[in-house]
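Novice: What follows is the residue order along each chain.
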Amino acid sequence: MLRMLFGALATLAVVLTLSVSPAIAGIGIQSSSQTVTGTSLGVLAITAVPVATFTTGFEAGDTATTTGVLTLIDTEPSWSLSVQDEAGADPGHMVAAALGCEGSESELEDPLDVEVTSALGKAHSAGTVGIDGEPQTVSSATNQILSANIFTANYSQKIEPFEALRTGCIYSMTATYTLQ
Amino acid sequence: MHSRWLTALVVLAALAVPPQTAGASVATSVDGTFSITPARRYLVARPPVRLSPARVSNTTPAPLQVKVIPVLLGQQPSGAFSFGTTPATLAAARSLLSAEPTQFTLAPGASRGVSLHWRRLVPHARTANVGVIYQAVPVEAQQGRQMRIVEQLLNVNLMRLPGHYLVLGSLTGLHVSQAAPKVLAFTLGVHNEGQVFAKPSHMTISVYRSGRCVLRRSLVSDVVLPGVTREFVLNLTRTLPPGRYTAIGRARFGSSGRLVAQSSFALTGPNELPSSQLHVGRLIAGGEVGGPADVSAAVSNTGTAAGATAIALHLYRLEDGVSAKHAIADGQLETGQVAPGDRARIDDELGHLRKGTYRLLASYRNPAGGRETLVADFQAREPQGLLAQLRTLLREHLLLIPSLLLLICLALLIALLLRERSLKRALAAARRQLEGRDRAEPSMRFSPARRTAPSLRVVFARRGRTLGGLAASGAALAAAAARRR
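In the order they appear, the protein sequences are chains A and S. With the numbering used here applied, the first sequence covers 1 to 180. With the numbering used here applied, the second sequence covers 1 to 485.
Think of the hints as simulated: they come from the structure by calculation, not from any bench. Certain hints may be false.
What the hints assert, rightly or not - Coverage of chain S stretches by chain A, computed from C-beta distances (three or more under 8 Å per stretch; other residues unrestricted):
{"no.": "1", "region": "146–153"}
{"no.": "2", "region": "320–331"}
{"no.": "3", "region": "357–366"}
Said to hold, decoys possible - What follows is a set of in silico ranges between Cβ atoms, one per label pair, in the way DEER data are often shown:
{"no.": "4", "chain 1": "S", "residue 1": "LEU43", "chain 2": "A", "residue 2": "ALA89", "range": "31 to 41 Å"}
{"no.": "5", "chain 1": "A", "residue 1": "LEU99", "chain 2": "S", "residue 2": "LEU390", "range": "31 to 41 Å"}
{"no.": "6", "chain 1": "S", "residue 1": "SER403", "chain 2": "A", "residue 2": "GLY88", "range": "48 to 58 Å"}
Quick reminder that beta carbons are idealized off the backbone N, C-alpha and C, glycines included.
Isolated chain A (complex conformation) (with noise of 0.2 Å):
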């Protein structure tokens, strides 16, 4: 019974305080409010890891693919990501290396592909894209903010039967992705 009491009135004694607390808290002191606002700034980022060398099927009357990643942060809601190969001559196409490709095609027929895929609803991928000279669009939204989504780049290079292609050849190209 005793027990019972005691712990009715710790009860009560912690709602009066509670419910006290602010108006003890007011007596004897000014305070004054200040609203603070922050703007986000926009912010653009971009991490493309670089892809070694492709996997498979580098050889002639086959087409090799192999996968990279993209990593985009964009706070505009319409944002497009573009892809081009800035090389002078015949953009697009894989070249051979200086050394070690004697005989061999001085560049691939067919340019490199690429498909940007991301498991975010509302960016539309291009599907696949030759790439060229000028930027091709591999993906964009008009209404998808991007927080360090992540991008999957696959290339495939497509090699007709009839290209020569000596053993230990290296051939390669530079993509130049753009976010804006």
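Could you slot chain S onto chain A? The hints should help.
Specialist: Only chain S this time, still in chain A's reference frame:
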């Protein structure tokens, strides 16, 4: 019991992982980013003026070589900003907006400011749309890698003088297309006719069937630069059944009031527009030494709508069976519109052939969007003499000669028939005249046939045309006169 609970917890945890982390196994290799802030500026000021510095950061583990490049901005129909990179356009951009520093190395985890200075406007202009490209290349050499990557971030600065501007716009049209299987794309074209960048508002797409609205969607607006037509796209995945529809696009743009564009379309299946399926069949190439290569290809359309495609041609010279490094000629074949179910043959000439063998490559995009390449190897023929050319002509046009002969025979036959008909008519007329001489009003002309035996020749004529004649000797005439008496 415990193990069952543990299994259930593991399954639940796996299900709770959001789908975006599906790529997380790949994402773990990404560590940090190359970034800039701010991304866009909308500035009202009078140049020259210094802009607040942009901050460039590198949170990747590798040092980056950064270049800062001011560029003049344009805009593509998709809304993406475009920029020129020729020396002249880059110099023009620098004269409007300069950046300092223009290149530097950014260590891992470091960031630094880039000061921007809006220096002036183009004479008589009140606005300037200038971008700044921040280009990053890892300092570590990417040698030996098949794919080398350069990262670029485009900062957009839309700047204008204070004051009032005319904000006007129009809708250039509403277009319905197949974005993907079962996905329709409604594209509303908006043209900025005003003096300054602006955004259209209240953009909607409504779809009507038999006068009843079956769909209504809003479009997200964004900046349109002056003089630019931007296409706002709505991808529709909600299924519309086959039938005829009318789509209406509506928008407002500044003081232009309510704008409307309309388009009708038919669906042959659920969310399926009629589409073309163009396939390029056999590729034929050949040619004579000293002349161009003759190229011919057959195109068929197995789709449900007319369509056209372009075939890129590259002609290589073959040496020991291997094609030369560079094409000796390039060209493009345009098919023109091919009706559904139709076939078309397209021909072209390419380059200039010398003695030797050649390889012609023809590439085009197939209906699935993939690239198809057709190959035709051929040897340049020696030029033919006149006799050989005639023989070739006869051989290649076997049906031409008999057809010509047949035509000539027919023409002769018709001419003969006409001649015979006219002679028959003349003869019939003469007969009629002879049978009724009194009515024929004959004109009579005496001609002494022979001096020794006087005779009379009577010629019947009407309207100057000789119909027939009679000749009689003097004795016969005397006998006839006696009979009449």
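Novice: If a hint holds in the structure, say so; if it doesn't, say that too.
Specialist: Hint check results:
1. 146–153: holds (count 8)
2. 320–331: holds (count 3)
3. 357–366: It holds, with 3 qualifying residues against the three required.
4. S:LEU43 <-> A:ALA89: 31 to 41 Å: 40 Å, holds
5. A:LEU99 <-> S:LEU390: 31 to 41 Å: 57 Å, violated
6. S:SER403 <-> A:GLY88: 48 to 58 Å: 56 Å, holds
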